[in-house]
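Peer 1: What follows is each chain in one-letter form.
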Amino acid sequence: MKDRGNSAEMGKPKKWQDVPMGGIAFGSSAEAVETGQWRSMRPVWDGEKCISCLLCWNQCPDRSILTDGNGKVTGIDTFYCKGCGICAHICPKKAIEMRPESEFTGPGAGAKGE
Amino acid sequence: MPRREITSGNWAFAEAMRQINPDVVAAYPITPSTDIPMKFADFVANGKVDTNFVTVESEHSAITASITASAAGARVMTASSANGVALMHEIFPIAGCFRTPIVFGLVNRCIGAPINIHCDHSDSMAERDAGWIHLYCEDAQEAYDTAILAIRLAEHKDVLSPVFVCQDGFITSHGFEPVEILEDSTVKAFVGERDADFPLLDVDNPVTYGSFAMSEYYFEIKRQQVEAMKNVLKVYDGVAKDYEAVSGRFYPKLDRYRTEDADFIVVVMSSASGVVKDVVDELREQGIKAGCLRVRMFRPFPADEVAEILAGAKAVAVLDRALSIGGTAPLAAEIKSALYDCGKNIPVQSCVYGLGGRDFFPQYARELFMDLAAGKVSREERYLGLLE
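If you're matching them up, the sequences are chains A and B in order. Read in my numbering, the first sequence has 99 at position 99, and its numbers run on one by one without any break. The number in my numbering is simply the position in the second sequence, starting from 1, with 1000 added.
With the rest of the complex left out, here is chain A (with noise of 0.2 Å):
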């Protein structure tokens, strides 16, 4: 591995000179991203009415379809879902619904949740 600076520990670098070279970043840092602070709708799945076919799984633009391993779909991680719908949108048992994520954490949030 290559001389990476003084970047992995830097804290803010105060020259030109420690700033990583074309604005690389190093590490896989969009792993601690919390991007779904990002969402508006949240996807609200349903067990009883989901077979497991994968076709959220396949179109999440992000990787927050939960599944245990062996195929089964058991939720979904709302840390990096943004709420695109795209899940709701492609589902052939309507399993999933996008909710207003106010209803979930706004003024009388669980009032109508889960």
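No lab work stands behind these hints: they were computed from the structure. As the structure is a computational prediction, the values presented were derived from the model and not from experiment. Be aware that one or more of the hints could be misleading.
With a Cα cut of at most 30 Å, we get these calculated DSBU-like pairs of lysine-lysine [to be verified]:
1) Lys1314/B <-> Lys1344/B
2) Lys1253/B <-> Lys1234/B
3) Lys1336/B <-> Lys1289/B
4) Lys1241/B <-> Lys1253/B
5) Lys1222/B <-> Lys15/A
6) Lys15/A <-> Lys1230/B
7) Lys15/A <-> Lys1234/B
8) Lys1336/B <-> Lys1222/B
9) Lys12/A <-> Lys1222/B
10) Lys1344/B <-> Lys1230/B
11) Lys1253/B <-> Lys1336/B
12) Lys1241/B <-> Lys1188/B
13) Lys1188/B <-> Lys1157/B
14) Lys1222/B <-> Lys14/A
15) Lys1344/B <-> Lys1234/B
16) Lys12/A <-> Lys1157/B
17) Lys72/A <-> Lys82/A
18) Lys1039/B <-> Lys1253/B
19) Lys1376/B <-> Lys1289/B
20) Lys1230/B <-> Lys14/A
21) Lys49/A <-> Lys82/A
22) Lys15/A <-> Lys1157/B
23) Lys1157/B <-> Lys1222/B
24) Lys1234/B <-> Lys14/A
25) Lys1157/B <-> Lys14/A
26) Lys1376/B <-> Lys1314/B
27) Lys1157/B <-> Lys1234/B
28) Lys12/A <-> Lys1230/B
Let chain A serve as the given structure and place chain B on it in line with the hints.
Peer 2: Frame of chain A; chain B shown alone:
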């Protein structure tokens, strides 16, 4: 043993590509550079190279695929011209910033409109500030040699910047002339293998290319690119000497022809310099101290060396094959800037010639030298060969 072939600038460039055997070539054809990917497609089809040849749907995609492959760690080459180059404009600065050492065969053709397929330098000059190295070749031999040399320059650890290897559309690209081709093994040994520092495909050491950099660090990253270009000026001669050792041919940043004691110097780029050099010889026989300076490296611009070469002249003319409509033509602007810094008030005549493939004849150079000698230098831009 090297062999001699009668070949064209395009075919010679493609032959260099075959010998370099890049990992990836992503290209979209456009006149007059079409020959390069066309010839290279032959090599791919006939199993002469191991390259992953990506045929894309536009120049925008060609350069995007090239950058991505280069960031992944591949050695990448491509080619284009004119409006194809213009379509790549959005993507070129990304190659510069990502420090992807792509070597690009740029076959100069004017930018439409009016639509026209012939040579001028308006396509590459529009990419002047993209963070690419610009090398301009005089003939097919130089295009071949520069393709090989540019791999080592681009991938130099202090440089890591993409390179345009420019040649004049049709004049050089389609003109057939003798070219000495090195042995495959010589080229292979000279270019070696690419050793990428932070390749995307190194999954054990993941990196992200293209992340956001707002006002906190954008400036610093651009400053690094400036440093890379300064380094080009430092390391170029070493690479060129290494190439001379295997080929017998040395290509300086600035090709000076009888400039040492010259009173009157014409500065020019690419194929038209042959005509100017002939006229220099002719005038020298008549006792006129004429000289020609061919600028081979335009980015980074070797301003200090230029000033040193021109400092002893009584008058200088600069030939641009591109306009900066409403301002000073690009080469003239550089030359004037270089001379201002050296503190000598040498008269400079800016001339534009050859737009849209207009021929450049010896009498234009002859008249220009005679005007310099007669003190006829104007601040007005002159147009050589224009109907007026």
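Peer 1: Hint by hint, which ones does this structure get wrong, listed from lowest number up?
Peer 2: No numbers; nothing is violated.
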